[in-house]
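Protein chains: 2
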Amino acid sequence: MITSVISLSEYIRLFNTNTLRIGKTQLFSMTPKLPQRTEDFSAWYNTLVKKADLAENSLVRGCMIIKPYGFAIWEKMKTILDQAFKATGHANAYFPLLIPQSYLSKEAEHIEGFAKECAVVTHYRLKKASSGAGVEADPEAQLDEALIIRPTSETIIWHTYKNWIRSYRDLPLLINQWSNMVRWEMRPRLFLRTAEVLWQEGHTAHATREEAEQETLQMLHVYEDFARNYMAMPLLKGTKTDHERFAGAEATYTIEALMQDGKALQAGTSHFLGQNFSKAFGVTFANQAGQLDHVWGTSWGVTTRLIGALIMTHSDDEGLVLPPKLAPIQLVIIPIYRSEAERVLVLKQAALLQEVLTAQAVAVKLDDRDAYKPGRKFAEYELKGVPLRMAIGPQDLANKTVELARRDTKEKIIVRVDNAVAVVQQLLVAIQDALYQRALDFRQSYTTSVDTYAAFKETMAKKGGFVLAHWDGTTETEKKIQAETKATIRCIPLDAPQEEGCCIYTGKPSRRRVVFAQAY
Amino acid sequence: MITSVISLSEYIRLFNTNTLRIGKTQLFSMTPKLPQRTEDFSAWYNTLVKKADLAENSLVRGCMIIKPYGFAIWEKMKTILDQAFKATGHANAYFPLLIPQSYLSKEAEHIEGFAKECAVVTHYRLKKASSGAGVEADPEAQLDEALIIRPTSETIIWHTYKNWIRSYRDLPLLINQWSNMVRWEMRPRLFLRTAEVLWQEGHTAHATREEAEQETLQMLHVYEDFARNYMAMPLLKGTKTDHERFAGAEATYTIEALMQDGKALQAGTSHFLGQNFSKAFGVTFANQAGQLDHVWGTSWGVTTRLIGALIMTHSDDEGLVLPPKLAPIQLVIIPIYRSEAERVLVLKQAALLQEVLTAQAVAVKLDDRDAYKPGRKFAEYELKGVPLRMAIGPQDLANKTVELARRDTKEKIIVRVDNAVAVVQQLLVAIQDALYQRALDFRQSYTTSVDTYAAFKETMAKKGGFVLAHWDGTTETEKKIQAETKATIRCIPLDAPQEEGCCIYTGKPSRRRVVFAQAY
Chain A
1 MITSVISLSE YIRLFNTNTL RIGKTQLFSM TPKLPQRTED FSAWYNTLVK KADLAENSLV
61 RGCMIIKPYG FAIWEKMKTI LDQAFKATGH ANAYFPLLIP QSYLSKEAEH IEGFAKECAV
121 VTHYRLKKAS SGAGVEADPE AQLDEALIIR PTSETIIWHT YKNWIRSYRD LPLLINQWSN
181 MVRWEMRPRL FLRTAEVLWQ EGHTAHATRE EAEQETLQML HVYEDFARNY MAMPLLKGTK
241 TDHERFAGAE ATYTIEALMQ DGKALQAGTS HFLGQNFSKA FGVTFANQAG QLDHVWGTSW
301 GVTTRLIGAL IMTHSDDEGL VLPPKLAPIQ LVIIPIYRSE AERVLVLKQA ALLQEVLTAQ
361 AVAVKLDDRD AYKPGRKFAE YELKGVPLRM AIGPQDLANK TVELARRDTK EKIIVRVDNA
421 VAVVQQLLVA IQDALYQRAL DFRQSYTTSV DTYAAFKETM AKKGGFVLAH WDGTTETEKK
481 IQAETKATIR CIPLDAPQEE GCCIYTGKPS RRRVVFAQAY
Chain B
1 MITSVISLSE YIRLFNTNTL RIGKTQLFSM TPKLPQRTED FSAWYNTLVK KADLAENSLV
61 RGCMIIKPYG FAIWEKMKTI LDQAFKATGH ANAYFPLLIP QSYLSKEAEH IEGFAKECAV
121 VTHYRLKKAS SGAGVEADPE AQLDEALIIR PTSETIIWHT YKNWIRSYRD LPLLINQWSN
181 MVRWEMRPRL FLRTAEVLWQ EGHTAHATRE EAEQETLQML HVYEDFARNY MAMPLLKGTK
241 TDHERFAGAE ATYTIEALMQ DGKALQAGTS HFLGQNFSKA FGVTFANQAG QLDHVWGTSW
301 GVTTRLIGAL IMTHSDDEGL VLPPKLAPIQ LVIIPIYRSE AERVLVLKQA ALLQEVLTAQ
361 AVAVKLDDRD AYKPGRKFAE YELKGVPLRM AIGPQDLANK TVELARRDTK EKIIVRVDNA
421 VAVVQQLLVA IQDALYQRAL DFRQSYTTSV DTYAAFKETM AKKGGFVLAH WDGTTETEKK
481 IQAETKATIR CIPLDAPQEE GCCIYTGKPS RRRVVFAQAY
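Read top to bottom, the protein sequences are chains A and B.
Just so you know, we're using the numbering used here here: the first sequence kicks off at 1 and counts up by one.
Just so you know, we're using the numbering used here here: the second sequence kicks off at 1 and counts up by one.
Treat the hints loosely; a few may be bogus.
Treat identical chains as interchangeable: a pair holds within one or across any two.
In silico DSSO-like links for lysine-lysine, alpha-carbon gap of 30 Å or less [stated by the list, open to error]:
(1) 127 - 237
(2) 116 - 457
(3) 51 - 279
(4) 86 - 377
(5) 128 - 410
(6) 106 - 463
Bear in mind the hints are in silico, worked out from the structure with no lab data behind them.
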């Protein structure tokens, strides 16, 4: 089984070009069976989220429990995004969870968009229930004005900005907050649609329209960079149609991802608010000429939904597949032994490699639990999507080797222990790149241009994916297409070339294609 | 004004022993006047929190807005504590904000402790108000069971642990969450008592009583270490009396700090829950012998209240004083110039020093705003408690020097630019140490042992601080003393020596002194 001793670069080359297949891993009979993606994508997703210990439902409808392994992914995402926000000049702050009901009435469109799905706090005290068992809201502790758990914080933040902004010297005001919010969901799904959501929401104020527009686009690019470089996900950047615009924004920009079932997922949004909120809340500033003007606003956010997108982009029928840059464990070391004497020797080597790899900033776990067999452990880390597995047994000690297995391709190779650290580092980079490339290839093969409504309907029904088509620009047409095909306009891509054409539905003239898809 | 060229260590020695006083800073006439601590400590605190841009009240009673500068301190605290939690084997997770009302009824004592002060969600939708203006809770969207915004998460977490724990292999379960919680407050104060609170809450489950007790103490020590090494605050560690115990705990451990007005502040707590919650929620495990047993629990937490403690420990009548390890800005560079030519040269030098210091992991801000005069800037950073200020003017360029001023002592010295980085690093250490020593000295001089109730009352009325006295161990006596003097038993110190004595109130026998104080 031992390959001849070849150079490191040769190993990598062989590994990457798949010519050195010393075998696919075969030890996963104990993997808990997942539904197959092609048979029931939704059941596959739900089962995977639970079995991989990412999250589970609580008994409160739509409120999920994010388990330590799932939360560790969110922590990595937060750390990276937070650095990007700070690098672009933003500071974190914290605004209250509870918003007076009357604030929601200030921005007319905003009411329509958010009033429907809010959790309403009406009392501030419980008392022993009159039945004698348990507790109930104390009728004497009813609030004069009900409080809403924030569904988003524009209202309370702009109410506050009114006091923080006096002159152009106070601008731009660049603030972000990491928080939770609640939007009641009738059909909740873990990570994808939950009543309580963890997220970040940026809220900025600027002296000019141009600067606010620039900020809106800058943050869209920050999101797209993050998705590409860390989540290994290619995203379309574009604007939403009027129909899909954020309630209270002048323009909503979006990043749209394509899942393995051919459905689109909105991964984040960045809104240019114009002067809507500054006018609703009376936020003015004295410009350099001493004249009062309303400030220009933006808001932008991503949520734990990103974890759902990550899962549905890369994972397979055997379990999670995580890009190394976001994997809580990048490499797991599994010792293989029969006797106690072997155990001691193998663990010594394993601990040494763990130490060296950790010093090289690789997130290593050494699974030295004696109560579980190696096969059981292999299955567990495959399910959990750990990018690389290193197995070390007595034969490896004798041969001065270790066995490495990739989660994404399931290939395994044996390398000299002297080379192990370098090979691991290069493989982590290779896996990150390979996942992005695979997702990009998938998206390209599921992106179709059509010119007739018949072709549109057939593509949407049989193939799915992104469908590029001409549209007449009206909400009326958009709604009709949605009613007939369930497809919505995901975005008008930023880089869409000018192209004369005819709306697939009405035949009216159009100057660029927009992107349709069925969506989460 | 230039001191002779002396060695670096000599500079430090001179600086620390105050023999090289080249003057107290005199440029602070523009400092917004704060109330004086000796005249009105409470007004001083409230004004300082607002003027130093740490936090402000929102219009929702008791819900504060944490401004970027205040939040940056919390972020530093979080990062350091989070590392300490992880180093002791804990992982972060996230449990829902909303808890079904019925959960609160499960643990009998817990109901009494928390049911009173909860925010109650009764509806999940708003509708346009029948009056036509604004929105109101939709009566058709009333929840079957009301939801409580978590006042603490024991109930929902133990409800969840029931499904996570089956056997001894699943133990210990060591989980923490960073989150917000709501406890209605009738007399809110910024940071000290707020309705919504940011905090961390650890919740652990163990196979044995001993291990759970060890965990409870370990986390108390983690808190105390953090306070001492980062907040520069000396803390008493001890147990709470039955009267002050957490509702649902068998034992509550506390860290108690002494503020400059002689009042105590509970800075954090760690609870040994025994089997109270595991029995209330039916959380059992199979031990190694295969027998079912209830698990043993702990919970522990600190909140944004720590920021209030930090302020009231170190700050003075001119503003905040922050320990360097928690200061968002450790050193501010203020350029001084008259002409444009001077501005360019001074800023060049300032930027160079900023770069070098940043590379040495010093958190430097270069305040190059042209719209404000140096005096205005000096005042601003004094108010904000930046530990070190560096001023650079044309004369400094000519002499190859910079001026450094300490916030804590207000001393300033001129050092050679070649030495500046090393001096800054050593001064930051010296300031951190000096603040701790000053707080420790203060606490020692405000800790009094008394043996009679007359002396107790006199000390409490005239001097305040920690008062060590014998107590007969009954809640009855504790309540009477509190009613008569407003003093409560802060803790029974862990390191209290055995000492035979008589209760100051009843004369009954006592075997150790406990710590009394008036408290926040």
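Here's how the hints hold up against the structure:
1. 127 - 237: Answer is neither; intra-copy 52 Å and inter-copy 34 Å both fail.
2. 116 - 457: neither (32 Å within a copy, 58 Å between copies)
3. 51 - 279: between (49 Å within a copy, 27 Å between copies)
4. 86 - 377: The answer is between: 23 Å across copies meets 30 Å, while 39 Å in one copy does not.
5. 128 - 410: neither (58 Å within a copy, 57 Å between copies)
6. 106 - 463: neither (44 Å within a copy, 52 Å between copies)
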